[in-house]
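Work out the full structure: start from the sequences and follow the hints.
Heads up: the sequence shown is residues -20 to -1, 1 to 195, going by mature numbering (1 follows the signal peptide of the UniProt record, and there is no 0).
Treat the hints with caution; some may be incorrect.
The calculated lysine to aspartate or glutamate pairs, modelled on EDC-like cross-linking and capped at a C-alpha distance of 16 Å, are [unchecked claim]:
#: 1; residue 1: K91; residue 2: E107
#: 2; residue 1: K76; residue 2: E89
#: 3; residue 1: K189; residue 2: E127
#: 4; residue 1: K137; residue 2: D87
#: 5; residue 1: K132; residue 2: D64
#: 6; residue 1: K76; residue 2: E152
#: 7; residue 1: K190; residue 2: E107
#: 8; residue 1: K171; residue 2: E89
#: 9; residue 1: K194; residue 2: E184
#: 10; residue 1: K76; residue 2: D169
#: 11; residue 1: K149; residue 2: E184
Since the hints were derived computationally from the structure, they do not count as laboratory data.
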Amino acid sequence: MSTKRSLVRRTALVAATAAAALVLTACGSGADADRPAGHGSHSATTPAPSASGSASSSAAHNAADTAFAQGMIPHHRQAVEMADLAPSRAASSEVKELAAAIKKAQDPEIKTLTGWLTAWGAPVPAEGAADHSAHGAGGAGMMTAAELEKLKAATGKEFDTAFMELMIKHHEGAVAMARTEKAEGAHADAKAMAEAIITSQSAEIDHMKKLLGKS
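The following block contains the structure:
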């Protein structure tokens, strides 16, 4: 009788242990699911630019999207190069703040555009590729080599004026490119970026014109 009772107790203990293990496993999964997403988990759940090369997103682009990305990358690179000159050359704190905002906005967009081109199997413009005509952008307000050298040589108020005048032209080119993408592109994210560029850079154009006393 006592042997039978021991067997029953051992059986019950094994069953209870197994049940506890199942409960712990379920709780562990729930804890992971309920944990707030931080920066680390965000990158795991949100596709990186290069991850847009899934079958569906690769199919949902056209030649206009490719031209937009290939034209905007060197365009943004030059804007960032111009912005990098401001901290050591500008006299106006407003120009320095504007330059910082331009760099903050356009650096991540360069990475995103590069990721799209990689996903689409399209060439990424090489560093220093400033000839927009090769990418269908027709200049798009890009500075010439002579204009860039002149800007690099300027300081103080002379730099502020030259920077804003050149950046207005530069931004106008970007807005025109973005409008073409909105009208002719097929890739939803590229069209959304184009809309953001139109909104932000149009506002910056207005701000620079006010600082120059042209509006």
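Hint check:
Restraint check for K91 and E107: the C-alpha separation of about 13 Å stays at or below 16 Å, so the hint holds. Taking the CA atoms of K76 and E89, the gap is near 20 Å; set against the 16 Å cutoff, the hint is violated. A distance of roughly 19 Å separates the Cα atoms of K189 and E127; the hinted pair therefore is violated under the 16 Å criterion. Distance check on the hinted pair: K137 and D87 sit about 26 Å apart at the alpha-carbon level, beyond 16 Å; violated.
Using a Cα cut-off of 16 Å, the hinted pair K132 and D64 holds, with the two alpha carbons roughly 10 Å apart. As the CA atoms of K76 and E152 are separated by approximately 20 Å, the hinted pair breaks the 16 Å bound. Between K190 and E107 the CA atoms are separated by roughly 33 Å; this puts the pair beyond 16 Å, and the hint is violated. Only pairs whose Cα atoms come within 16 Å are accepted, and K171 paired with E89 is accepted, the gap being roughly 13 Å.
Among the hinted pairs, K194 with E184 is consistent with the structure: their alpha-carbon atoms are about 13 Å apart, no more than 16 Å. Taking the CA atoms of K76 and D169, the gap is near 30 Å; set against the 16 Å cutoff, the hint is violated. Simply put, K149 and E184 have alpha-carbon atoms about 11 Å apart, close enough for the 16 Å limit, and the pair holds.
The structure is inconsistent with the numbered hints 2, 3, 4, 6, 7, 10, although it conforms to all the rest.
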